[in-house]
Structures are given as structure tokens and as C-alpha cells.
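Given chain A, work out where chain B should sit, using these hints.
Sequence order for the protein chains is A and B. This note's numbering applies: residue 1 is where the first sequence begins, and numbers increase by one. This note's numbering applies: residue 1 is where the second sequence begins, and numbers increase by one.
Hints listed in this document are in silico derivations from the structure and should not be mistaken for laboratory results. Treat the hints with care, as some may be off.
Since copy identity is lost for identical chains, a pair holds within one copy or between any two.
[As the list claims (entries may be wrong)] Think about it this way: if two alpha-carbon atoms lie no more than 27 Å apart in a straight line, the pair counts; the simulated DSS-like pairs of lysine-lysine are:
(1) K353 x K55
(2) K84 x K37
(3) K55 x K135
(4) K205 x K469
2 protein chains.
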Amino acid sequence: MQDKKMVEQITSMEEDFAQWYTDIVKKADLIDYTSVKGCMVFKPAGYAIWELIQKEMDRRFKAASVENVYLPMFIPESLLEKEKDHVEGFAPEVAWVTHGGLQPLQERICVRPTSETLFCDFYKNEVHSYRDLPKVYNQWCSVVRWEKETRPFLRSREFLWQEGHTIHATFEEAEERTIQMLNLYADFCEEVLAIPVIKGRKTDKEKFAGAESTYTIEALMHDGKALQSGTSHNFGDGFARAFDIQFTDKDNKLKYPFQTSWGASTRLIGAIIMAHGDDRGLVLPPAVAPHQVVIVPVRQQQEGVLDKAFAIRDALARRDIRVRVDDTDKSPGWKFAEAEMRGIPVRVEIGPKDIEAGKAVIVRRDTGEKSECAIDELPDTIEKLFDVIRKDMYDRARARRDSQTYTAAGKEEFNRIFSEKSGFVKAMWCGDVECENKIKDELAVTSRCIPFEQEKIADTCVCCGRPAKKLVYWGRAY
Amino acid sequence: MQDKKMVEQITSMEEDFAQWYTDIVKKADLIDYTSVKGCMVFKPAGYAIWELIQKEMDRRFKAASVENVYLPMFIPESLLEKEKDHVEGFAPEVAWVTHGGLQPLQERICVRPTSETLFCDFYKNEVHSYRDLPKVYNQWCSVVRWEKETRPFLRSREFLWQEGHTIHATFEEAEERTIQMLNLYADFCEEVLAIPVIKGRKTDKEKFAGAESTYTIEALMHDGKALQSGTSHNFGDGFARAFDIQFTDKDNKLKYPFQTSWGASTRLIGAIIMAHGDDRGLVLPPAVAPHQVVIVPVRQQQEGVLDKAFAIRDALARRDIRVRVDDTDKSPGWKFAEAEMRGIPVRVEIGPKDIEAGKAVIVRRDTGEKSECAIDELPDTIEKLFDVIRKDMYDRARARRDSQTYTAAGKEEFNRIFSEKSGFVKAMWCGDVECENKIKDELAVTSRCIPFEQEKIADTCVCCGRPAKKLVYWGRAY
Numbered sequence: 001m002q003d004k005k006m007v008e009q010i011t012s013m014e015e016d017f018a019q020w021y022t023d024i025v026k027k028a029d030l031i032d033y034t035s036v037k038g039c040m041v042f043k044p045a046g047y048a049i050w051e052l053i054q055k056e057m058d059r060r061f062k063a064a065s066v067e068n069v070y071l072p073m074f075i076p077e078s079l080l081e082k083e084k085d086h087v088e089g090f091a092p093e094v095a096w097v098t099h100g101g102l103q104p105l106q107e108r109i110c111v112r113p114t115s116e117t118l119f120c121d122f123y124k125n126e127v128h129s130y131r132d133l134p135k136v137y138n139q140w141c142s143v144v145r146w147e148k149e150t151r152p153f154l155r156s157r158e159f160l161w162q163e164g165h166t167i168h169a170t171f172e173e174a175e176e177r178t179i180q181m182l183n184l185y186a187d188f189c190e191e192v193l194a195i196p197v198i199k200g201r202k203t204d205k206e207k208f209a210g211a212e213s214t215y216t217i218e219a220l221m222h223d224g225k226a227l228q229s230g231t232s233h234n235f236g237d238g239f240a241r242a243f244d245i246q247f248t249d250k251d252n253k254l255k256y257p258f259q260t261s262w263g264a265s266t267r268l269i270g271a272i273i274m275a276h277g278d279d280r281g282l283v284l285p286p287a288v289a290p291h292q293v294v295i296v297p298v299r300q301q302q303e304g305v306l307d308k309a310f311a312i313r314d315a316l317a318r319r320d321i322r323v324r325v326d327d328t329d330k331s332p333g334w335k336f337a338e339a340e341m342r343g344i345p346v347r348v349e350i351g352p353k354d355i356e357a358g359k360a361v362i363v364r365r366d367t368g369e370k371s372e373c374a375i376d377e378l379p380d381t382i383e384k385l386f387d388v389i390r391k392d393m394y395d396r397a398r399a400r401r402d403s404q405t406y407t408a409a410g411k412e413e414f415n416r417i418f419s420e421k422s423g424f425v426k427a428m429w430c431g432d433v434e435c436e437n438k439i440k441d442e443l444a445v446t447s448r449c450i451p452f453e454q455e456k457i458a459d460t461c462v463c464c465g466r467p468a469k470k471l472v473y474w475g476r477a478y
Numbered sequence: 001m002q003d004k005k006m007v008e009q010i011t012s013m014e015e016d017f018a019q020w021y022t023d024i025v026k027k028a029d030l031i032d033y034t035s036v037k038g039c040m041v042f043k044p045a046g047y048a049i050w051e052l053i054q055k056e057m058d059r060r061f062k063a064a065s066v067e068n069v070y071l072p073m074f075i076p077e078s079l080l081e082k083e084k085d086h087v088e089g090f091a092p093e094v095a096w097v098t099h100g101g102l103q104p105l106q107e108r109i110c111v112r113p114t115s116e117t118l119f120c121d122f123y124k125n126e127v128h129s130y131r132d133l134p135k136v137y138n139q140w141c142s143v144v145r146w147e148k149e150t151r152p153f154l155r156s157r158e159f160l161w162q163e164g165h166t167i168h169a170t171f172e173e174a175e176e177r178t179i180q181m182l183n184l185y186a187d188f189c190e191e192v193l194a195i196p197v198i199k200g201r202k203t204d205k206e207k208f209a210g211a212e213s214t215y216t217i218e219a220l221m222h223d224g225k226a227l228q229s230g231t232s233h234n235f236g237d238g239f240a241r242a243f244d245i246q247f248t249d250k251d252n253k254l255k256y257p258f259q260t261s262w263g264a265s266t267r268l269i270g271a272i273i274m275a276h277g278d279d280r281g282l283v284l285p286p287a288v289a290p291h292q293v294v295i296v297p298v299r300q301q302q303e304g305v306l307d308k309a310f311a312i313r314d315a316l317a318r319r320d321i322r323v324r325v326d327d328t329d330k331s332p333g334w335k336f337a338e339a340e341m342r343g344i345p346v347r348v349e350i351g352p353k354d355i356e357a358g359k360a361v362i363v364r365r366d367t368g369e370k371s372e373c374a375i376d377e378l379p380d381t382i383e384k385l386f387d388v389i390r391k392d393m394y395d396r397a398r399a400r401r402d403s404q405t406y407t408a409a410g411k412e413e414f415n416r417i418f419s420e421k422s423g424f425v426k427a428m429w430c431g432d433v434e435c436e437n438k439i440k441d442e443l444a445v446t447s448r449c450i451p452f453e454q455e456k457i458a459d460t461c462v463c464c465g466r467p468a469k470k471l472v473y474w475g476r477a478y
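Just chain A, same shape as in the assembly (with noise of 0.2 Å):
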């Protein structure tokens, strides 16, 4: 009875998918609501999920000569105001803060939404012959963003990601640079979250405010919405000539210089947890699990059951694996079912039978599918398991991702899929923002990307039917 209750709590991905997702955040101890609307908390199983996504994506970064930096969080109002568009997508949701103690501020500030506007100033400092570039910063930091509806890692007031800077003498560095961070995202997703992405280039309509491009990576989740995983941005020399940045190049002549920027958030928690979770509570990739073996040890009051239990962890931890044996007085049936809901990819059964044997039985949490391994063995076998299970996990998404993905020629059947289902439609588009505009409004359904792998699907537009410019993957989006 005890043994299922924690399961039985849970919504079916079927039954509705939205509520499902809210208990496995809540039984998986993911975060806590708190009394400050739109604000969460990241308690301990959820923060190191952002823990180990930080620290190998940071490694990656200084793979890629990324040096970090800290930028304060405040933004002067008359420093946010200095690109226009910029301020005209950002300025309706920010944080204002008008009182320093108990006195009013000369200039109100707001809590930095993003900080292009922030490293601008720092640039103008930093950057004046082409001796000083480029530059190429990241910092790791929370940012506010006022939104009305919130949930969960996809959509809160404050969040925490990465923010990425750099600034370059040409125009054609620049646009490495955006690239070459668009494809570190998404190596990441792929290799070490599991998840398949789609690279692309956003639309004039969905491209970050102040950019000249948006780059992004879009996945798919299991109810068949999209994700928008990362982003990279071009601004070109806009920001540079917003706000005066000049250096003198090689041939001694002032020019502006190029800039770019790109982000990936907490949003990647809420990727996992929709992408790779089941009815049974959290899946998580090897690379990102706080906890990659529980060990539950079976009648673990008989002598020598509990001191197996350590000996293993031990070995494993050796390994630098990331190990814990479950020796609190639940039943193994509860243990089995809080270590399946909190998504820990093995679990390791250990009783005096095994004991004797000298096996011990491993189940995969992704598939439930249970082996025997004997216990001198078990550090080799569950190294090369976490490959195993990536790569399945990947598979496997992939494999779904594929299903849920459409194509359709002409306005009849993009409706008609879009009516009965969610997912990727792949269509032609004739470049034009009113076919944008028309289908968001009658199917609330946003162009996700102008993917890098075009095909030719069609002549003509999916919307308005005049000639068509490019393939576009069509969904609903978180």
C-alpha cells in the first residue's frame, strides 16, 4: 500500500499533461513555491541538476575561450534606453527599483532582464584598438523578467542561466562566434542532456530585440509543444552605434565594432523533465543526475547486508560516481519508488541471497529492465551502462521527436494536423510576417525556426501561397 502511494500521486502524461508536470517538480523535490509571486525555489535535488548542468557547460565555454566575468544586476533607466529596440522589447517587463534605503533615487534602476546594455558600458571602458579584441565573456547570474503567467524552470520572474558577451573587430567573427556557441548548445543537449535538437534561424518576428539575427536550438517535448533550448544572437555594429563604442583598427582608422550575445536557463530542467520523463516521476540523463546509483539494500537488518551496501558505494564512488545507498526504514518497494520518481538513471538491489551469490541485481530507470551483475563487476558494468542509457535515452527521443514531426504542402492539411494534434509541421514560407501573424492568430502557432537543413516541400507558401523562400518548422511553443 505505503509502497505505491507516492506513485499513485501522480497525474498520467495522458490525463493532462500540464498537471503531470507540476507533481513530478513537486514529488521529485524539485522546487518549493514561496510567498514572492512568479519566484521559486530551487530546492537541494533541483539545484544540483543546475549544478552539474553548469559546471560542464562551463567547461565547455573555457573549451571555447570563454572568460567569465560579474556585471551588477542594475541597469540605469537612461543606460536601458540607449538601443532603441532593445528597449521597446524589454522595458514593459522589468523589476524598477525607485528607493536606495530610505531615500528616492536620483534615476530609477532596473534589475538587469538581460545585459547587453550593462556590457556596452563596460565595452566602452575596455575596448579601443583592435589590440583590445575581441572579447569574450560569459557571466553565470539570475535575471528578472515581470511575466504575468509563470511555471516552473520555463517561465519564472527571476531565473538563473548564462549570459554570454563578445565583441569583435568584423562582422564575419561576430557571426562565427554566434554559430560556433549555437552548435556548443547544441552538442550540449544532444550529448549530454539526451535531447535531439533542431538548429536554426528565428524569424525577423521572433528574433531577440536588438538583434540582427537569432539563432536557436528548438526541441521537442513528449505533448509534442516546443522548447526553445538556447540562443545565440548577431547584433551586428547596432549596439556599438547606440552606444559610441569605437576602436581604431590596424589600417588607423576608427570603426565600430561587432557584437554578440547568447543564453541558455533553467528552461533545460524543464527540457528534461519533458522530454525524458514518465508516468513513474523524473527520468535524468547519467551526465546530469545528483544522484546517478541508488543502492536499496533488501532486509538490510541481517548482518552483512548494509556493510555490501557501503563496500559498493564505495567502489563505485571511486569511480566518481555519483552514489548513495538508501539505508533510511522505509520499505524497498517505497525506496524503489522515491529513487523511479526522482529519476536516479540505476538502482542497485543488494540482499543476502545476492549476497551469497555474490551478485547483485541493477535495474535502468529509463526502461525498468533489471540484470544481474556481479558485484566485483559492478563499477565496469555501470560505467559502461551510463552510456548505454544516454544513448537510448537520446534514441529514443529522437525516435518520438521524428514521430511527432509533419510536413505539409498546402494551408488544408497544415490546419488539419495542427487541429487534431501538436508537434513539428515542417512548411513553406514566403518570408512575409502577415502569414506569421495570420497563422498565430488562428491556430496559436509560432514559426519555431528556419532550420540550417533545408528541403523544398513545396513552391508556395503554406499560408498565402505566393512563392516560397524557405522551409520553416512550424509548433506551439512553451
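Leaving out everything else, chain B in the frame of chain A:
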């Protein structure tokens, strides 16, 4: 000529200590000022020191069963006001957010100056039974205090820190954790930063707003001024009562739990500068030096020199030594001065003659001492040298502190010492805040701590002549 320029621009410590400090902060590229008054940019060299501090401190936290979490950066006014002493201490220096986007907020919220109230709000959901205790949490974040006078690392409106927050079933357990974390800070300062500290308790006048007792580690800077380098607070059940947090204990009775908090911040970077720096610039302890070794090739245009420099770099990097080759087109002398300014613990010089002899020159930043070393032995030698450097840096800082620590039995002696110099003065105290106030008014000197290691210097209070209760360390402080 050019070689010395960088050094000549630093004010000497003797001449103007405050200007020397500011010069180092700028010339070692740690900090930049911004158009946001009282807020700083952490440049790559400054932020990398903080990352190394974080990494090692976090490793020690995790070994002490601390779990990382992340709570919102905002506190609603009604929440801040719940604990009376706490709000009195912090309300005058918080930044108030009054608008979200275009709308005024129904209740204004402040940017966290510290997060006790948020953690209490969180505990209320988390803590119901003795089984839920203890909780041992920490978060790495930035906080805001609207200071009037600011100085890089030492006092700024926004600063980076960690704040630990714990909750326990008994007062004794809370007290034990308070002292455990103070000891962790002290060990960290001494073992990692090579800075000796005095451990003790703050007087009631100097304790944290809302705390029952505050413990501190106090370090002495080069100019004889004290720097509070980490604090740990026992709140008793004061916050639990104010926030009505209760749990059912083993005896089935409802009880108030006991709380602690403890913090260390980017001030520690200021401590490193002022405890170890000299007139040639920063001197970094090897454990937190972003680059631990710089290799300076001499006659680098000669064939084979750069190749050998890179080979040495690779051999050191294989030992996880953080190393770079300075292969810029600056002169060797300029490179030496620059590496000294940035505090890089070890410099390796390698030229054609050295290569022929199979040797390189090693120069210590802390002492300037030069020695020769066979190229093959560089990794072993340098690894061992780091330990020697750390120990020597500690010993020198300790000897300097001891030479600047005085004892005063009576008021006259006490006044004379502080009129002539700065430093720690050990003197007896009656326990009355009036004496503290008087000493502060007359000499701008505060009680730094009541040290754990008590001595009896006199029978009477250094200020009023009444019977003494405790030995106190007094000093001028940052």
C-alpha cells in the same frame, strides 16, 4: 623604460595605503567601475579568483553535509518586517522595487540584503516533524545593501557571497553547527588563503541583527586595520517564534526549532590583496591564483624557444597546474612586471642558453627568490614549491600580525597605542556597551571579538576601571 612603467604607476603602500589598494585593483585588472554607482564589474582576473574560492569552499561545505539551494532575490516588505531586530538592522539599507513593468506593485519588495526571512518562509513548508530536521542549506548569490561609501571588494552596493542557513531540533545542535562553520572559514583562510585569523565572539553591540550570538574570524591587514572575514550566527529560536515555525518532536510535543546562518563574501579578495600584496602588486596564494605559473620565453624568436616553452606548459598542465606562456611581443622585462602585478605565484624563464643546459629559471613572486631547475624536474619542483610558498606567505602574514598586536592594561596605554598606530590591541572589558561606545567615539576603534583563547591581562576594564569580564581584541576596521 617601458618595462618599469606598469610598476611606476602604483603608489607605494607606505605613501598612501588606500591609493595603493585602488591601484592594484585596477592595474591587476581585477575590477572596473561602472555607471551604476557603487557597483563594480568583476573582470576575468578578479572573477577567476572568486571562482577558485567558491570551488574550494563549496567542496568543504559538501564534505560538511551542506546542500545548495537557490531562493528568490526579492523579499516582500511584510516578510522582512516579521523579525523586529532584523528589519531595524536592514531596512535602512535595502533597495526597494516598486514597479513590475508598467504597473505599480501592490506591496513593495526589496532586493535581498541577506535571506534569513526567505529561508524562514521556506522552512515553514518544509519543517513539520523532527524527521525533517536538521536542514543544512547554502546558496551562492549576490546581495544588495545600499551603502553610501563603497570600495572594491570591501564594500559595494551589490556583492557576491554565500549564505548558509540551517535549522535544528535543539539549541545545542545549532550552536555546534555555528562553531563548525566558523572553524571551516578559519581553516579555509589559513590553509587556502594563507591568512591567519583570530576566532571569537562578537559583543552584543557588534552582532548580526536578529542573532543571539555572532562568531567571527578577524584578519589583520598590512596597514594594521582589521577585516572581518567571515561570520557565523546562532539565532536561537528567535526567528522560528517570529515566523511561527514549529515541529512535532519525538515526544510528540510542538516545539520551536533553532536556526543558524553563516556567510563569507568577495571581501576575501580584498583580504588577499591587503594581507599579501606588496609594492610590485598582487601576491596570490597558489590555491586561488587563476594562473599559478607564467612561462616567459627569452629570445622567443629563436628557433626552439617557444616550442620548449609550450612543452613545459603541457607538462605542467598535465599535473593540473594552471599555467600560461606569455608569447606576446612585449619585452621580457615588461612581461615580468606584468606577471608580478597580477600576483602569479611562480615565473619560469626559459631562453636558448637555458635550453642548451637543460635548465630553466624559477622565480617566486612572494620573495623574488630565483633558482635554477632541470627542465625535466619542473613539474615536481613547482608542485612542491606551491606548498612552500603557501606556508611562507602564512608565516610572514602571521609574524606581521603578531608584530602589530599589542596589549594594554590601562586606558592611557590603550589610547597611546591607538594614537600612534593601528593594529590589534588586546585589552580587558567589563562587558558594558557604554565602554564600547566611548572607545569608538574617542578613537574610532571597535571591539573586533571576544577571542576563544582568553587571557588575563589585567583585573579591570581598560575603559572604566570596573572589574573586567573578558579579554577583547580591539582595532580599527574595514
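Comparing the hints with the structure gives:
no., hint, in the structure
1, K353 x K55, "neither (40 Å within a copy, 43 Å between copies)"
2, K84 x K37, "between (30 Å within a copy, 24 Å between copies)"
3, K55 x K135, "both (22 Å within a copy, 25 Å between copies)"
4, K205 x K469, "within (16 Å within a copy, 73 Å between copies)"
In the structure shown, a violation is registered for the earlier hint numbered 1 alone.
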